Amino acid sequence: MENKHEKKYLRMTLNERIQHFLLLSSFITLVITGFALKYPEAVWVIWFRKLFGENTFELRGIVHRIAAVVMVADSLYHIFYVIFSGRGRKLIIDLWFTKKDLTDVIGTMKYYIGKSDTKPKYARFSYIEKSEYWALVWGTVVMTVTGVFLWFNNFFLPIISSFGMEISTAIHFYEAILASLSIVVWHFYFVIYNPDVYPLNRTFITGYMTREEMEHEHPLELEEIDKMEEEMKSETEEESIKKDAKSVSAEPESKTTEEKKI
637 MENKHEKKYL RMTLNERIQH FLLLSSFITL VITGFALKYP EAVWVIWFRK LFGENTFELR
697 GIVHRIAAVV MVADSLYHIF YVIFSGRGRK LIIDLWFTKK DLTDVIGTMK YYIGKSDTKP
757 KYARFSYIEK SEYWALVWGT VVMTVTGVFL WFNNFFLPII SSFGMEISTA IHFYEAILAS
817 LSIVVWHFYF VIYNPDVYPL NRTFITGYMT REEMEHEHPL ELEEIDKMEE EMKSETEEES
877 IKKDAKSVSA EPESKTTEEK KI
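Residue 637 is where the sequence shown starts when you use this note's numbering, and the numbers rise one by one after that.
Hints listed in this document are in silico derivations from the structure and should not be mistaken for laboratory results. Since this is a predicted model, take the numbers as computed values, not measurements. A few of these clues could be false.
Claimed, not checked - Derived DSS-like pairs (lysine-lysine); straight-line CA-CA distance at most 25 Å:
id	residue 1	residue 2
1	735	757
2	736	879
3	863	757
Stated by the list, open to error - Label-pair ranges, simulated between beta-carbon atoms:
id	residue 1	residue 2	range
4	643	732	24 to 34 Å
5	864	693	47 to 57 Å
6	750	682	43 to 53 Å
7	742	824	19 to 29 Å
8	683	750	45 to 55 Å
9	753	874	35 to 45 Å
10	830	742	16 to 26 Å
We treat Cβ as the ideally placed atom computed from N, Cα and C, and that holds for glycine.
Can you build the whole structure from these sequences, using the hints too?
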């Protein structure tokens, strides 16, 4: 049971959680409406057709495009966020791959096959989270470009030819499969089915992690936070001592002034 008085550590700000929600909701909508076009006879698509009637596929196209606009707008805002905000710039720095990520991959594999007794310590982001982020960036770019070609096909057809349009269609479809599998098999596992967080890692909802979670998932980041807090505490104590010293030294002077007046 969660202790309400337990210290919490900020993982995602409200701004970042809203970005994540828009990305999550638009992605799920795009997957459902996109595959509904490719597999119109699927059981779940037939259920939608019964629910919405003959306007199902017209509605599907509208909803798919709205979700696409939401995802692109969210992505553009994210670019603005990581360029023009201090926290955003720090986010990108921490998400960038380093040599340690390679050693962490090797160390993790050794740990899981029993060749090592200790699991590598991760900082703010593990190599898994970094891979997810940059795969998402790549996938969003690919899906946006090919999606624009397909949406405005009358405009782009003379430019990229019918062959280019067919290539765009294939890339859009297979990238959608790859993205869906990576989310369902990979991301959902770490957020939902991982025994360490089951039944759900609530960080994307609350924005915070407990100390126990930090110690388990991001021990190096926790060490940095503890060190920073200790330094701030020391600085505060030094300032307090200096103020006390000044007040003590000021007392004799005030007494001398009073004696002279008498």
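Evaluation of the provided hints:
no.	hint	result
1	735 / 757	holds (14 Å)
2	736 / 879	violated (44 Å)
3	863 / 757	holds (17 Å)
4	643 / 732: 24 to 34 Å	holds (29 Å)
5	864 / 693: 47 to 57 Å	holds (55 Å)
6	750 / 682: 43 to 53 Å	holds (49 Å)
7	742 / 824: 19 to 29 Å	holds (26 Å)
8	683 / 750: 45 to 55 Å	holds (47 Å)
9	753 / 874: 35 to 45 Å	holds (41 Å)
10	830 / 742: 16 to 26 Å	holds (21 Å)
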